[in-house]
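Undergrad: Need the complex rebuilt from these two chains, each delivered in its own frame; the hints are there to steer you.
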Amino acid sequence: MGMTKDELFEILDNGFSESVIEIQDLAGDNDHYAVKIISNEFKGLNKIKQHKLVYDVLGKKMGYTLHALSIKTEVPKE
Amino acid sequence: MDQKIKESIELDINSNDVHLFMKGTPLFPQCGFSSTVVQILTYLEVPFTSTNVLEDEGIREGIKEFSNWPTIPQLYIKGELMGGCDIIKEMFENGELQEVFKNENLLNQ
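Chains A and B supply the protein sequences, listed in that same order. When we follow my numbering, the leftmost residue of the first sequence carries the number 1, and every step to the right adds one. When we follow my numbering, the leftmost residue of the second sequence carries the number 1, and every step to the right adds one.
Isolated chain B, as found in the complex (with noise of 0.2 Å):
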């Protein structure tokens, strides 16, 4: 992976503690994935960051790399992949993804 490209996604996910790679832009999701992912957190009022992978074919391919994860949305917290939309919306289901940012603090008091 190109060097460039691997740096921008470190500093995309270890300076912001909620970031989502995905196809398109929170108020425009281009993906009913990315969408189910944004509308998770937008419900759950989590500050997050985000990455339309969709504007750079450098990062779209680089973030499967980067992460041996195939497909796009992608979360992370706290620098760490939690997931992509069956992830977070089964843990969103069951409770435990409420945790993970109680946990952590990331819940807008």
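For reference, chain A alone in the conformation it holds in the complex (with noise of 0.2 Å):
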């Protein structure tokens, strides 16, 4: 089970195009991250939208190949 910094990092890299992603891992067991994602895709979303976006990029590997994310998301400042 997990996945590696760099595996995620992947995933959400691709799955959110010119965004700044910043991915904390908490615990070094590669199940617990923190990841920052500042997309201008999230403008006009109230947060759960913004994170449920996430969640559909992550697809089944949230709550299953992944079990903790803490997830943090933001528009760009103009």
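It should be emphasised that the hints constitute simulated quantities derived from the structure, not laboratory data. Heads up, some of the hints might be wrong.
To be verified - Here are the computed lysine to aspartate or glutamate pairs in the EDC-like style, where the Cα-Cα straight-line distance is at most 20 Å:
1) A:Lys52 x B:Glu61
2) B:Lys89 x A:Glu74
3) A:Lys49 x B:Glu57
4) A:Lys52 x B:Glu104
5) A:Lys61 x B:Glu104
6) B:Lys78 x B:Glu104
7) A:Lys47 x B:Asp86
8) A:Lys52 x B:Asp86
9) A:Lys52 x B:Glu80
10) A:Lys60 x B:Glu57
11) A:Lys47 x B:Glu93
12) A:Lys60 x B:Glu45
13) A:Lys47 x B:Glu99
14) A:Lys47 x B:Glu57
15) A:Lys47 x B:Glu65
16) A:Lys77 x B:Glu45
17) A:Lys60 x B:Glu61
18) B:Lys64 x A:Asp56
19) A:Lys72 x B:Asp86
Unchecked claim - Okay, the calculated beta carbon distance ranges per label pair:
20) B:Asp56 x A:Asp31: 16 to 26 Å
21) B:Gln3 x A:Asp56: 23 to 33 Å
22) B:Glu55 x A:Leu45: 11 to 21 Å
23) A:Lys43 x B:Ser15: 29 to 39 Å
24) B:Glu93 x A:Leu45: 12 to 22 Å
25) B:Asp2 x A:Val20: 37 to 47 Å
26) A:Glu7 x B:Leu27: 37 to 47 Å
27) A:Ser17 x B:Gln39: 35 to 45 Å
Unchecked claim - Quick look at which bits of chain A chain B covers, simulated, 3 or more residues with Cβ under 8 Å:
28) 35 to 41
29) 47 to 57
If you're wondering where the values come from, they're calculated on a predicted model, not measured in any experiment. Where a beta carbon is used, it is the ideal one built from N, C-alpha and C, also for glycine.
TA: Rendered as structure tokens:
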């Protein structure tokens, strides 16, 4: 179970083009990460919808391959 | 999803103004994320009800499908999914959550 930081980055980077993605490894066990994504795709969406986009990109991996993911989403500042 | 499970979830979120699907109970949370949300609600003195998903595998899987949201905890306010741990924490820290409760008249007077 779990995935490496690089694998996670690649999935998110492919899912959100032209975005800034920061990943923090919280426990060193390939299973607990905190991600921060700054992307224009979040514009006009409430937090639930923003996080749902992240979950959509991760697909089935969330909750199965990956147990703990802390998400922070932001729209780029003008 | 099983119709009974769906009805049970709908009953929980529609008959309670603030309802939390969590792992464990407010007194004994069994997951750090659930515990954080409980602490915020307790700090704000907002009355809430909860469902311990660890006691019912059907609800545990059903709630994820119901809301199209893959993780627990899930906080519902007036029947609407407000967020999981990260969103609730962020909203609490920037004051949005307090505003929501205030506007819905859910803060303990």
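Undergrad: Now look at each hint and say whether the structure bears it out.
TA: Structure-based check of all given hints:
Proximity of A:Lys52 to B:Glu61 is assessed by CA-CA distance (about 17 Å); at most 20 Å being required, the pair is judged to hold. In summary, the hint linking B:Lys89 to A:Glu74 is supported, as the alpha carbons are separated by about 15 Å, within the 20 Å threshold. Restraint check for A:Lys49 and B:Glu57: not satisfied, since their Cα atoms lie roughly 26 Å apart, outside the 20 Å limit. A distance of roughly 25 Å separates the Cα atoms of A:Lys52 and B:Glu104; the hinted pair therefore is violated under the 20 Å criterion.
Restraint check for A:Lys61 and B:Glu104: the C-alpha separation of about 36 Å exceeds 20 Å, so the hint is violated. Note on B:Lys78 and B:Glu104: the hinted pairing holds, with a Cα-Cα distance of about 8 Å set against a maximum of 20 Å. A C-alpha spacing of about 10 Å is found between A:Lys47 and B:Asp86, which places the hinted pair at or below 20 Å, so the restraint holds. At most 20 Å may separate the alpha-carbon atoms for a hinted pair to count; A:Lys52 and B:Asp86 meet this at roughly 12 Å.
For a cut-off of 20 Å, the pair hint linking A:Lys52 to B:Glu80 stands: about 15 Å separates their Cα positions. With a C-alpha separation of about 18 Å, the suggested pairing of A:Lys60 with B:Glu57 holds against the 20 Å cut-off. For the suggested pair A:Lys47 and B:Glu93, the alpha carbons sit about 14 Å apart, so the restraint of at most 20 Å is met. Distance check on the hinted pair: A:Lys60 and B:Glu45 sit about 36 Å apart at the alpha-carbon level, beyond 20 Å; violated.
Taken as a hint, the A:Lys47 and B:Glu99 pair is honoured in the structure, with Cα atoms around 15 Å apart against an allowance of 20 Å. Between A:Lys47 and B:Glu57 the alpha-carbon distance is near 27 Å, which puts this suggested pair outside the 20 Å criterion. Between A:Lys47 and B:Glu65 the CA atoms are separated by roughly 19 Å; this keeps the pair inside 20 Å, and the hint holds. Between the alpha carbons of A:Lys77 and B:Glu45 the distance comes to roughly 34 Å, so the proposed pair goes past 20 Å and is violated.
With a C-alpha separation of about 13 Å, the suggested pairing of A:Lys60 with B:Glu61 holds against the 20 Å cut-off. Between B:Lys64 and A:Asp56 the CA atoms are separated by roughly 13 Å; this keeps the pair inside 20 Å, and the hint holds. With a CA separation close to 7 Å, the supplied pair A:Lys72 and B:Asp86 stays within the 20 Å bound. Between B:Asp56 and A:Asp31 the beta carbon distance is about 25 Å. The supplied range of 16 to 26 Å therefore holds.
B:Gln3 and A:Asp56 have their C-beta atoms about 26 Å apart, which keeps the hinted 23 to 33 Å range intact. The beta-carbon spacing between B:Glu55 and A:Leu45, approximately 34 Å, falls outside the hinted interval of 11 to 21 Å. A hinted range of 29 to 39 Å for the beta carbons of A:Lys43 and B:Ser15 is consistent with their spacing of about 36 Å. In this structure the supplied range 12 to 22 Å holds for B:Glu93 paired with A:Leu45, their Cβ-Cβ distance being about 19 Å.
In this structure the hint that B:Asp2 and A:Val20 lie 37 to 47 Å apart at CB holds, the actual value being about 42 Å. Between A:Glu7 and B:Leu27, the C-beta spacing of about 38 Å keeps the proposed range 37 to 47 Å intact. About 37 Å separates the C-beta atoms of A:Ser17 and B:Gln39, a value consistent with the hinted range of 35 to 45 Å. Check result for the stretch 35 to 41 of chain A against chain B: violated, 0 residues qualifying (beta carbon to beta carbon below 8 Å, three or more required).
Using a Cβ-Cβ cut-off of 8 Å, 5 residues of the stretch 47 to 57 of chain A lie near chain B, which meets the minimum of three, so the contact claim holds.
In summary, the numbered hints that this structure violates are 3, 4, 5, 12, 14, 16, 22, 28.
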